[in-house]
Structures are given as C-alpha cells and as structure tokens.
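These protein sequence lines map, in sequence, to chains A and B. Counted the way the working numbering counts, the first sequence spans residues 2 to 120. Counted the way the working numbering counts, the second sequence spans residues 2 to 120.
Worth double-checking, as some hints may not be accurate.
As the list claims (entries may be wrong) - Quick list of in silico lysine-lysine cross-link-like pairs, DSS-like style, CA-CA up to 25 Å:
{"hint": "1", "chain 1": "A", "residue 1": "Lys13", "chain 2": "A", "residue 2": "Lys109"}
{"hint": "2", "chain 1": "B", "residue 1": "Lys109", "chain 2": "B", "residue 2": "Lys13"}
{"hint": "3", "chain 1": "A", "residue 1": "Lys13", "chain 2": "B", "residue 2": "Lys13"}
{"hint": "4", "chain 1": "B", "residue 1": "Lys13", "chain 2": "A", "residue 2": "Lys109"}
Hints were generated in silico from the structure; no laboratory data involved. Being a predicted model, the structure only gives us computed values, none of them experimental.
There are 2 protein chains.
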Amino acid sequence: MTVTLHVCTTCKAGRPVPEGQATPGQRLYHALRQAGAPDGVRIVPAECLSACDHGCNIALTGPGRWSYVYRGLDPDHHVADILSGVAAYAATPDGLVPWRERPVIFRKQSLARIPPMES
Amino acid sequence: MTVTLHVCTTCKAGRPVPEGQATPGQRLYHALRQAGAPDGVRIVPAECLSACDHGCNIALTGPGRWSYVYRGLDPDHHVADILSGVAAYAATPDGLVPWRERPVIFRKQSLARIPPMES
Chain A
2 MTVTLHVCTT CKAGRPVPEG QATPGQRLYH ALRQAGAPDG VRIVPAECLS
52 ACDHGCNIAL TGPGRWSYVY RGLDPDHHVA DILSGVAAYA ATPDGLVPWR
102 ERPVIFRKQS LARIPPMES
Chain B
2 MTVTLHVCTT CKAGRPVPEG QATPGQRLYH ALRQAGAPDG VRIVPAECLS
52 ACDHGCNIAL TGPGRWSYVY RGLDPDHHVA DILSGVAAYA ATPDGLVPWR
102 ERPVIFRKQS LARIPPMES
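In isolation and in its complexed conformation, chain A is listed as follows (with noise of 0.2 Å):
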C-alpha cells in the first residue's frame, strides 16, 4: 500500500522570499523528489498545511494509518532523515513506528498526528 509524503511547497519559513526564488518549501520538495522516493511512496507538493508558524512543514498519510504533521524542516539538512522517517512509516501497517526507530527530527519536531479514519 503508498503512503504520501505531502511537502509543503508554499511555505517561505518565516522569511521573506525575494521574486523569481524558490521558496524553502518548494526547494524542500524538489530536494526530496531528487534524493528519491523510497519503496512504496509517492511525494506529493501541497498547497498550504496551514502551518506556516511552523513551517517548513511535511505531512505523511497513508490507508489504516495514523496520519503525522512535522514541522520547522530545512531543505539543506533533513532530507536524508525524513525519507528514512517516511521509509519506517511506509514499513508499518498502521504508521506508529517505535519511538526510537525514528529520526530525531521526527521525535522533537512533530506537529500533530490524526487517527486512521478507520478507527
């Protein structure tokens, strides 16, 4: 089963964006689609999680699974640890990866989380 990686791409970080730049959400997004999706997940850009405070922020969701918001993530130094974060999360049936199996940012800078719609 996919799960989707949801990458903010409108969000500037709290900083101002000059014309004609990429915004660190959109370069987030297209330094994860470069480094490479792993076995079962599709990245996707998103328009707006509504957590622009927070941001750069991602959200991960997939079918029967608890749903995650992760915030305040730099293009320049996360991407590895979030496809690994997404790689745990796609292995598991429900989404729940044990808490040490996950990267730190995913421990220390998680938004929020939704229950499965099923339960």
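Position chain B against the provided structure of chain A, taking the given hints into account.
Chain B in isolation, oriented as in the chain A frame:
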C-alpha cells in the same frame, strides 16, 4: 458519507489535573457527546494527538476530504461552535468550508491541515 470528529481525551491543556478529576480533554469529549453529533458526524475519543502544547485539540477527517487539526479549545465555551463547524465540514465533499462560513475558532485556531489521501 460519515466524517469523524476526533477529540483528544488525554489533553490536560497544560495544567495539572487533580487525581480522580476528568482532564479538560475528557470534559470536552463528554460535552460534545452530550450536545449531540450533527448528521453524518461521529464523535470519537483519541489518545493524544501529539499537540500537547496547544490543547485542547480536535481533528476532523472524512473520506475524500482535507483533514484539520484545531487547537486551544475550551470545553466550557466552544462546544456549540465546534459542532456548527463540524456540521459545515460534513456538508462539503472535500472538507473545504468557505472561510466566512467557518466559526471564528476554526479560522483562528487551526494548527494544521492535511490533503485528502486520494489527492
């Protein structure tokens, strides 16, 4: 199609809760249940929405819809507004209620939103 209102019942809203007393999250859940779910809405308790700094918190989900997390809700003052906001959400096919038709608490106290799983 039924939508779900998840209510975080573990939430202490940042305050100590004397032993044997209901948490603010439990009080919010029971007040919402007592007031009654709108048509097409089920109200379910959730164990921690991982947004403890912002409680009390709720989440709205539904098939084909954007999911929303709202924060800072008060069991003594916000029950009617939550239920009217959830009814408006349930009446849409995609969860996107026009801005002016959202209760003020939903306009001002959104913590995050997540695109529909199908998008």
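Here is how each hint holds up against the structure:
1. With a C-alpha separation of about 21 Å, the suggested pair Lys13 (chain A) and Lys109 (chain A) falls inside the 25 Å cut-off, and the hint holds.
2. With a C-alpha separation of about 21 Å, the suggested pairing of Lys109 (chain B) with Lys13 (chain B) holds against the 25 Å cut-off.
3. With a C-alpha separation of about 32 Å, the suggested pairing of Lys13 (chain A) with Lys13 (chain B) is violated against the 25 Å cut-off.
4. Distance restraint check for Lys13 (chain B) and Lys109 (chain A): the Cα-Cα separation of roughly 20 Å lies within the 25 Å cut-off, and the hinted pair is therefore satisfied.
Hint 3 from the list above is the single one not met by this structure.
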